[in-house]
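Chains as they are written, first to last, in the numbering used here: chain A, 1 to 83; chain B, 1 to 155.
Rather than coming from a laboratory, the hints here were simulated on the basis of the structure.
Check each hint, because a few of them may be wrong.
What the hints assert, rightly or not - Covered, in the sense of this in silico footprint (three residues per stretch, anywhere, with C-beta under 8 Å from a C-beta of chain A), are these stretches of chain B: (1) 50–57; (2) 121–129; (3) 134–140.
Glycine included, C-beta positions come from ideal geometry on N, C-alpha and C.
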Amino acid sequence: MIYIQYFGPLATELGTRTESLPWDNGGTTESLLQLLRSRNPRWASALAEDKIFKLVVQKQICHQLTNIPDGVEVAILPPVTGG
Amino acid sequence: MSIIIQIEPEVLNINEYTDLAMLFNHDQGAQVTFTGFVRQHDYVEPITHLYIEHYSQVTENEIKNIVDKAQQKWLLSAIVVVHRVGKVVVGEPIVWVMTQSKHRLDAYAANEFIMDYLKTSAPFWKQEFFENGESHWIAAKESDQNKRKKWSVSL
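Put together the whole structure using the sequences plus the hints.
In structure tokens form, the structure reads like this:
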């Protein structure tokens with residue numbers, strides 16, 4: 001199981017802020033995105049390849065393809081608007 | 001070198017931070033502070049407040065990365081970054097950045113750099129609430145991305 005958090009406008013668009021996802025076979029940041037996109041058109045659109053967002057695994061922002069071990073916290077961050 | 005990074009859920013007391021900044025001033029010639037406030041009007045409909053979301057620990061770590069980069073580029077003796085989260089009402093301060101150095105050029109440049117990177121890298125998301133009851137998430141601005149590019153620094 002992995003524990004996914006969604007933030008900001010992405011959470012609003014997807015209609016959820018958190019979820020637990022079975023992760024027995026493991027995967028990467030890319031395979032996770034592909035899995036989520038395959039759910040339905042809303043998820044495919046929100047997480048489309050031409051959209052910019054950051055993946056975070058175990059509280060570390062990923063700047064490249066990253067392996068996601070089972071049991072960890074993951075987050076998907078839309079473009080930021082602080083400051 | 002003194003660094004303070006604080007995520008604050010309550011109203012900022014700017015005077016407290018100004019007093020704190022003076023405690024760091026040991027024979028330093030320059031101290032630059034920036035305060036960002038919630039403005040009422042970006043659109044025709046007035047704003048009542050913002051709601052600011054962040055990702056605990058990840059946001060602080062990213063601000064630390066930004067502050068570390070500033071230290072690498074300029075000779076600074078103190079940096080303080082304070083950022084609100086939660087509900088922030090029109091007129092209230094959202095962010096306070098202090099940079100301190102022997103001479104003013106480093107303090108000025110580092111302060112601008114930190115703000116440019118706070119706006120484009122730090123995990124915060126702002127939601128605007130309007131007097132007519134509507135709300136929306138603020139979209140990231142291309143102008144902020146363009147401004148950041150002048151520094152040519154990757155985090």
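(Q) Are any of the numbered hints broken by this structure? If so, which, sorted upward? (A) none
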